[in-house]
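Student: Listed below, chain by chain, are the residues.
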Amino acid sequence: MTVVETTSLSSNRSGPDSRLRQWLKPSPFWLAVPGLLFILVFFLAPTIQLMSVSFFDKAGELSLATYSRMVSSTVYLRVLSTTFGIALQVTLWCLLLGYPLAYWLSGMPGRRQRIMLMFVLLPFWTSALVKNFAWLVLLGRNGIVAAGMEKIGLPGGDALLFSRGTVIFAMVHTMLPLAVVTMMPIMNQIDRRLTMAAETLGATGAQAFWQIFFHLSGRGIATAGLLVFVSSLGFFITPSLVGGRTETMISQLIITQINTLQNWNFGSALAVLLVLASLLTIFVYDRLFGLSSIAGEGKKGHADGKLRRFGLFITSWLGRICAGIQRFSARNLKGITGQGLLSTYGWIVLIVLLFPIIGVVPMAFTEADYLTFPPQGFSLRWFEAYLSSPVWVSATLRSFGIGFATAFITVIVAGLAALGLARSNSRFSGAAFLLFMAPMVVPPIVIAISLFYLFASLSMIATDSAIAIGHSVIALPIVFVILLATFKEHDWRLDQAAATLGATRLKTALRITAPLVKPGLIVGFVTGFLQSFEELTVALFIGGGLKTTLPKQMWDDITLSVNPRIAAASVVVLLVVVILFCAIEYFQRPAKARR
Amino acid sequence: MSSFLMPTRRNVLKTAGLAAGALASPALMRSSFAAGQLTVADVGGAPGEAIKKTFYEPFEKATGIKVVGVAHDPDPVTQFKLQVDTKSYLWDVCMVTPDHVMRLSEDKQYIAPLEIESPDTADILPGMLTDNWLGFSVFGAVMAYRTDKFKEAGPSNWAEFWDVDKFPGRRGFYKGAWAALEFALLADGVAPKDLYPLDMDRAYKKLEELKPHVAVWWTSGAHNTQILQNGEVDATDTWSARAYAATASGAPVKTVWQGGYSVDGWSIVQGAPNTAAAHEFIKFCMKPEQQAAYTSIVANGPTNKKSFDFMPAERRAVLPTAPENFGNLYEIDSKWWSTNYDEAVERMQEFLLL
Chain L
1 MTVVETTSLS
11 SNRSGPDSRL
21 RQWLKPSPFW
31 LAVPGLLFIL
41 VFFLAPTIQL
51 MSVSFFDKAG
61 ELSLATYSRM
71 VSSTVYLRVL
81 STTFGIALQV
91 TLWCLLLGYP
101 LAYWLSGMPG
111 RRQRIMLMFV
121 LLPFWTSALV
131 KNFAWLVLLG
141 RNGIVAAGME
151 KIGLPGGDAL
161 LFSRGTVIFA
171 MVHTMLPLAV
181 VTMMPIMNQI
191 DRRLTMAAET
201 LGATGAQAFW
211 QIFFHLSGRG
221 IATAGLLVFV
231 SSLGFFITPS
241 LVGGRTETMI
251 SQLIITQINT
261 LQNWNFGSAL
271 AVLLVLASLL
281 TIFVYDRLFG
291 LSSIAGEGKK
301 GHADGKLRRF
311 GLFITSWLGR
321 ICAGIQRFSA
331 RNLKGITGQG
341 LLSTYGWIVL
351 IVLLFPIIGV
361 VPMAFTEADY
371 LTFPPQGFSL
381 RWFEAYLSSP
391 VWVSATLRSF
401 GIGFATAFIT
411 VIVAGLAALG
421 LARSNSRFSG
431 AAFLLFMAPM
441 VVPPIVIAIS
451 LFYLFASLSM
461 IATDSAIAIG
471 HSVIALPIVF
481 VILLATFKEH
491 DWRLDQAAAT
501 LGATRLKTAL
511 RITAPLVKPG
521 LIVGFVTGFL
531 QSFEELTVAL
541 FIGGGLKTTL
551 PKQMWDDITL
561 SVNPRIAAAS
571 VVVLLVVVIL
581 FCAIEYFQRP
591 AKARR
Chain F
1001 MSSFLMPTRR
1011 NVLKTAGLAA
1021 GALASPALMR
1031 SSFAAGQLTV
1041 ADVGGAPGEA
1051 IKKTFYEPFE
1061 KATGIKVVGV
1071 AHDPDPVTQF
1081 KLQVDTKSYL
1091 WDVCMVTPDH
1101 VMRLSEDKQY
1111 IAPLEIESPD
1121 TADILPGMLT
1131 DNWLGFSVFG
1141 AVMAYRTDKF
1151 KEAGPSNWAE
1161 FWDVDKFPGR
1171 RGFYKGAWAA
1181 LEFALLADGV
1191 APKDLYPLDM
1201 DRAYKKLEEL
1211 KPHVAVWWTS
1221 GAHNTQILQN
1231 GEVDATDTWS
1241 ARAYAATASG
1251 APVKTVWQGG
1261 YSVDGWSIVQ
1271 GAPNTAAAHE
1281 FIKFCMKPEQ
1291 QAAYTSIVAN
1301 GPTNKKSFDF
1311 MPAERRAVLP
1321 TAPENFGNLY
1331 EIDSKWWSTN
1341 YDEAVERMQE
1351 FLLL
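So the sequences go chain by chain: L and F. Going letter by letter, the first sequence gives residues 1 to 595 in the numbering used here. Going letter by letter, the second sequence gives residues 1001 to 1354 in the numbering used here.
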């Protein structure tokens, strides 16, 4: 639409200013403009205003006192390094564990893949609060895992919680679905005949995998790594509930400073520290993995340089080593096939992913007043408590409404932007890419408070639309990256071919582009919905206590009392989600399942 | 800070207003402030439900003024200030502690006066009614232990809590420092009356002794109840209603009334649209029968002495303000905490990380 407008604008203008015309000429980059405005108005301007607070003291005088305090104690740098250390380990584990899982899933026929993906995503639908309390119950000193370990004589079952390992485990558990969802669509798009061709040319299965498939899936790995890493930086519920003495992450400090101590100056300074550190990471990541190729910068040639040769060298050796192992196992371990190992692995990871959910469901049917496993007796009283409470029901409905609104806003805004950046070679692409990613590296609490000020000035506090806009800011980066990857992988020559054969632009878009990018759009939509559905901080501030979303309602309940009603609420939500997935599946059926 | 942000907000409005106008639907929030209606912010959750049942609904019945209860953040000061600063009022009355009151009246007066004149104020415990705040719910920062672990007798004071040889077992301790540093000083032999101003060096030195024996550094009230309920720890510091929640759900947990107390109360938001109704509401909350009804649901102490006449003796025994328990508790010095909270939290972080 924007393209059409600008076209008419520039052709109507007969002025001599050719530079202006150059600027306004129809370029796909214009598609990114609504998204950029959205980011500017609802994210960049309010956040910068709020962060500027760190350069003032409490009396409102310009001062660097907050920053000198930050370096005067080792606490803040330690916490920052803990944060990065944890995020890094979580990322590595997610990639390591998620890659084979995504590979396994991408090898499945379409329908089965979507059903399995639903199971992978289920933990994502369970509130972080509920999941962490489930860990407290299941992995506790008197929990079922400890009892099982004692029975088979394994030591240490009573000390599974409250350590660095627990935090990383719980965070990997939360982030793994994200990694899989990001890597899988890219693996789906890889033409498997390429590996077959390689094998025809004499490569073993392992060599073909490492040198062809692994390479082609590289962009998925890089994207997933970045997404997991930056999301992990902002965790605060998990380390505070299942972490030990030293597991304090920087978001916890920011929340303490702003929410408990009202030290906005210092809180913002910590936020600045986190934002800078994350930007630095992105920069380094970009240098190492050529992420800017995702943003549409023509750096491909650069990536073909040393680093690429190094990568090829590594993967070719991996291929050789694996080929060796393959030959060895083929000779000595008859009956164990790679495919068999892979699916065993896939099922094990899936079971671990579903473990807290399998735990939460029975906990909801307990007769007791508290969360316990195995549950005591059988009763529907907590479902009754949930469904008969107008507060809970309206919170649930509101969450669904806001979730869908958020998904629509983000898919449209991010979709146009991603399309624009994928098709354009404007020199602003790199900067635009960073801008779209920026909300991810700013802690949600900072976004929430700066938006509170913005919406207060617009008298929009405690409106559903304000929450939806806030959620869209939070969800935008992740949806953007997913859609950008989708559009980047789309073979635009197909569209050109259609145009050559006489199809109009609209027809090409509807008949060629749309069906091919549809899976990506659906993943983007679902992700946008999920982000909103799970989001707590923005809802906490902008909801003003009047408009309560489901996570906010759970938070209210859980900060004061833990009772199985939150488990019952989670079960109902899971049920609705499963039904939704089935509905999507049902409506997709006529269009024959794609490979 | 707040004064600083005011011009900021206007700038934001200038830059964002035009573009945002297209997306923004007109705010409907003012409609909830119709005449004869009062919006009260409480802590939500289970206490929120009890407050609704024992204060809001009876008040509505008695006066015809409808009360809308909303839940605020665990710490409402930020939201409170933002409303007054931006003049976008969500609440008329808000549930706050003396510490919040202190922070809300430091540089700028965010709270409106109560203007209560009544002979009934004599029944209120000393200090529980000031000119801008009425305390109605007293909670203790005390100790609790599992009776299945300590069958004969558990630690009965803070020195014994520290004594891991005599009372071996996993300890829990509050990660947030607030009202917990006192316990280290008590364990080190400081008398309750000499606690404030707290000697932080001494407190952290004493905490160092306990550090290796603390299995769980708990972070919220629900966290505390959970670790007591499923026996994750054998003894921990606690907030009285938290330990009672574990006991009430059937867990073998005993509360030891050694520690301090603080109070939740009501304050009126400065400039709020329904101040007159707010005054009426707060007067209503002074009544002994209302307070008794509330504290029969939530295990916090009433501030009206006459409330105990409206409840059975066994209920009285689990409440912090019952004379037999209240005598062992000192008042947590909100003024000290208000000024030193920041430093205490920073030192706690330092202490935990090293």
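Any given hint could be a false lead.
Unchecked claim - In silico DSS-like pairs for lysine-lysine, Cα to Cα no more than 30 Å straight-line:
1. Lys58(L) / Lys1166(F)
2. Lys1166(F) / Lys1193(F)
3. Lys1149(F) / Lys151(L)
4. Lys1193(F) / Lys1306(F)
5. Lys1081(F) / Lys58(L)
No lab work stands behind these hints: they were computed from the structure. Because the structure is a prediction, the values reported are computed rather than measured.
Student: All hints are to be evaluated individually against the structure, with a verdict given for each.
Tutor: Results of checking the hints against the structure:
For the hint pairing Lys58(L) with Lys1166(F), the CA-to-CA distance comes to about 48 Å; that exceeds 30 Å, so the pair is violated. Taking the CA atoms of Lys1166(F) and Lys1193(F), the gap is about 27 Å. The hint holds against a cut of 30 Å. Under the criterion of a C-alpha separation no larger than 30 Å, the hint pairing Lys1149(F) with Lys151(L) is consistent with the structure, at around 22 Å. For the proposed pair Lys1193(F) and Lys1306(F), the alpha carbon gap of about 27 Å is at most 30 Å, so the pair holds.
For the hint pairing Lys1081(F) with Lys58(L), the CA-to-CA distance comes to about 15 Å; that is within 30 Å, so the pair holds.
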